[in-house]
Amino acid sequence: MKLKLLRIIHQTGPGIIAFAIFGFVLFILAVWWLAAYHPDLNLKDWPWTSLSALAAAPSLILTWFWRTSHKERDLENDAQRLQNEAQRIEKEEQRLQNESQRLDNENQRIQNEEARLLTDRFNKAVELLGNDKLQIRLGGIYALERIAQDSERDHWAVMETLSAFVREKTREPKWKPVAAPEAGDASTGGEEKQPRPEERFEPPDTDVQAALTVLGRRREDRREWEKKEGKRLDLRGAHLELADLQDAHLERAYLAGAHLEGAFLEKAHLEGAHLWGAGLEGADLGGAHLESADLGYAHLEGAYLLEAHLEGAHLWGAHLEGATLSGAHLEGAILLLAHLEGADLREAHLERADLRGADLAGAYLWGAHLEGAYLQGAHLEGAILREAHLERADLRGAHLESADLGYAHLKGAYLERAELSGAHLERADLSSAHGLTQAQIDSAILDDETTLPEGLARPVREG
Numbered sequence: 227m228k229l230k231l232l233r234i235i236h237q238t239g240p241g242i243i244a245f246a247i248f249g250f251v252l253f254i255l256a257v258w259w260l261a262a263y264h265p266d267l268n269l270k271d272w273p274w275t276s277l278s279a280l281a282a283a284p285s286l287i288l289t290w291f292w293r294t295s296h297k298e299r300d301l302e303n304d305a306q307r308l309q310n311e312a313q314r315i316e317k318e319e320q321r322l323q324n325e326s327q328r329l330d331n332e333n334q335r336i337q338n339e340e341a342r343l344l345t346d347r348f349n350k351a352v353e354l355l356g357n358d359k360l361q362i363r364l365g366g367i368y369a370l371e372r373i374a375q376d377s378e379r380d381h382w383a384v385m386e387t388l389s390a391f392v393r394e395k396t397r398e399p400k401w402k403p404v405a406a407p408e409a410g411d412a413s414t415g416g417e418e419k420q421p422r423p424e425e426r427f428e429p430p431d432t433d434v435q436a437a438l439t440v441l442g443r444r445r446e447d448r449r450e451w452e453k454k455e456g457k458r459l460d461l462r463g464a465h466l467e468l469a470d471l472q473d474a475h476l477e478r479a480y481l482a483g484a485h486l487e488g489a490f491l492e493k494a495h496l497e498g499a500h501l502w503g504a505g506l507e508g509a510d511l512g513g514a515h516l517e518s519a520d521l522g523y524a525h526l527e528g529a530y531l532l533e534a535h536l537e538g539a540h541l542w543g544a545h546l547e548g549a550t551l552s553g554a555h556l557e558g559a560i561l562l563l564a565h566l567e568g569a570d571l572r573e574a575h576l577e578r579a580d581l582r583g584a585d586l587a588g589a590y591l592w593g594a595h596l597e598g599a600y601l602q603g604a605h606l607e608g609a610i611l612r613e614a615h616l617e618r619a620d621l622r623g624a625h626l627e628s629a630d631l632g633y634a635h636l637k638g639a640y641l642e643r644a645e646l647s648g649a650h651l652e653r654a655d656l657s658s659a660h661g662l663t664q665a666q667i668d669s670a671i672l673d674d675e676t677t678l679p680e681g682l683a684r685p686v687r688e689g
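With the working numbering, the residue at position 378 of the sequence shown is 604, and numbering never jumps.
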């Protein structure tokens, strides 16, 4: 009832208030008129205050009721406005959800379309690899490279395809006509000289070289993905003689039995690669990274490995005859029974390397670092070890006949049963060597500046 009354007042309030004010004004005018035209009336005795209050009361009461009803109406309007706003927000949220769903559907459609287009591109590029024309095959190779760059999903499929292409195209070596081997001379021990790789082989075909280049320049993020997923390039048994693989990334690749004779592998990345029994005769591996690579029984005769990184590499039984390893890093490498006859190992780092049973006859090890190396039973006959660092090296039973150990550092080295007949030990430091006997010293060549362990004397030479 009150609410209904308030609504009526709210709707008619201004008019009622105006009417009440008009009545109050009429009341005042009436009093004035009586006072002016009827002086006989004793108006002073009238209760004017009470009459004025009674006359003004309706206006005040109506004004209060009108203001109250106006506030109530404002609250109702605010509530309605908030309700309308909530409904609007709810509708907007629904609209946004619908739009988001539409965008998700559109994105999925685009992804499906992209996948379909990439599949079409891949299939067409693979078809190009079998074309008779070289230029078309090259186009297929580079199209596959673009696909691998554009799509992580298709990257490995491209790498496997190109690897298979290389293997299929390089099943046989590309021989050059070879003249009869030259007769040997004193430098070769009278043996016939074998032709160099570039004299025996042709380089790979252009399309094969292009595929190798693509394989070797994979993006870093793709290579990281391969490492995480355990993926490895497979080029086992491929004939890649004289191939250009400079700076190529072939980390952890399968290259067992591959033929890389005379290949250009400067600064190539072959960390952890499988090169068991691979042919690398005359290959250029200057500055290459072969850390932890498996080169067991690999052929590296005459290879160029200047400052190459072979830390922790496995070279069991490897052939490195005549190889250039100046400044190479072979710390902790496994070189058991390796063939290093005549190899150039000047200032090479062989700290803690395992050279047990290795053949280093005639090797050039001037200034080489062999601290803590294992050389039990190693063959170092005639090797040049001047200024070499052999501190704490294990040379028990090693063959050092006629080796040049002048100025060598042999502090703490183990020389029990080592053969030192004719070995040059001028100015060598043997002060704390272990296992030396007087008989060993007597068989070697010393000078006044050779430092010997306590209890041993320099041999007295006649004349």
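Read the hints as simulated data drawn from the structure, not as lab findings. Treat the hints with caution; some may be incorrect.
[Stated by the list, open to error] With a straight-line Cα cutoff of 25 Å, these simulated DSS-like cross-link-like pairs (lysine-lysine) come out:
#1 K359 / K297
#2 K457 / K493
#3 K359 / K402
#4 K395 / K454
#5 K359 / K395
#6 K350 / K395
#7 K453 / K493
#8 K454 / K493
[Said to hold, decoys possible] Label pairs and their calculated CB-CB ranges:
#9 K453 / K402: 19 to 25 Å
#10 A312 / R449: 54 to 60 Å
#11 D358 / R443: 37 to 43 Å
#12 N349 / E394: 14 to 20 Å
#13 D376 / Q327: 25 to 31 Å
Please read these numbers as outputs of a predicted model, since none were measured by experiment. Cβ coordinates follow ideal geometry from the N, Cα and C atoms, glycine included.
Against the structure, the hints:
1. Distance check on the hinted pair: K359 and K297 sit about 91 Å apart at the alpha-carbon level, beyond 25 Å; violated.
2. A distance of roughly 22 Å separates the Cα atoms of K457 and K493; the hinted pair therefore holds under the 25 Å criterion.
3. Under the criterion of a C-alpha separation no larger than 25 Å, the hint pairing K359 with K402 is consistent with the structure, at around 24 Å.
4. Only pairs whose Cα atoms come within 25 Å are accepted, and K395 paired with K454 is rejected, the gap being roughly 29 Å.
5. Distance hint between K359 and K395 is fulfilled; the C-alpha atoms sit about 15 Å from each other, no more than 25 Å.
6. Distance hint between K350 and K395 is fulfilled; the C-alpha atoms sit about 20 Å from each other, no more than 25 Å.
7. This hinted pair checks out: K453 and K493 have alpha carbons roughly 20 Å apart, not beyond 25 Å.
8. At most 25 Å may separate the alpha-carbon atoms for a hinted pair to count; K454 and K493 meet this at roughly 23 Å.
9. The hinted window of 19 to 25 Å between K453 and K402 is violated, with their beta carbons roughly 38 Å apart.
10. Take A312 and R449: their Cβ atoms lie about 55 Å apart, and the range 54 to 60 Å holds.
11. Taking the beta carbon of each, D358 and R443 are about 27 Å apart, not inside 37 to 43 Å as hinted.
12. For N349 and E394, the hinted distance range of 14 to 20 Å is satisfied, since their beta carbons lie about 18 Å from each other.
13. For D376 paired with Q327, a C-beta distance near 28 Å keeps the hint of 25 to 31 Å intact.
Going through the hint list in order, the structure does not satisfy hints 1, 4, 9 and 11.
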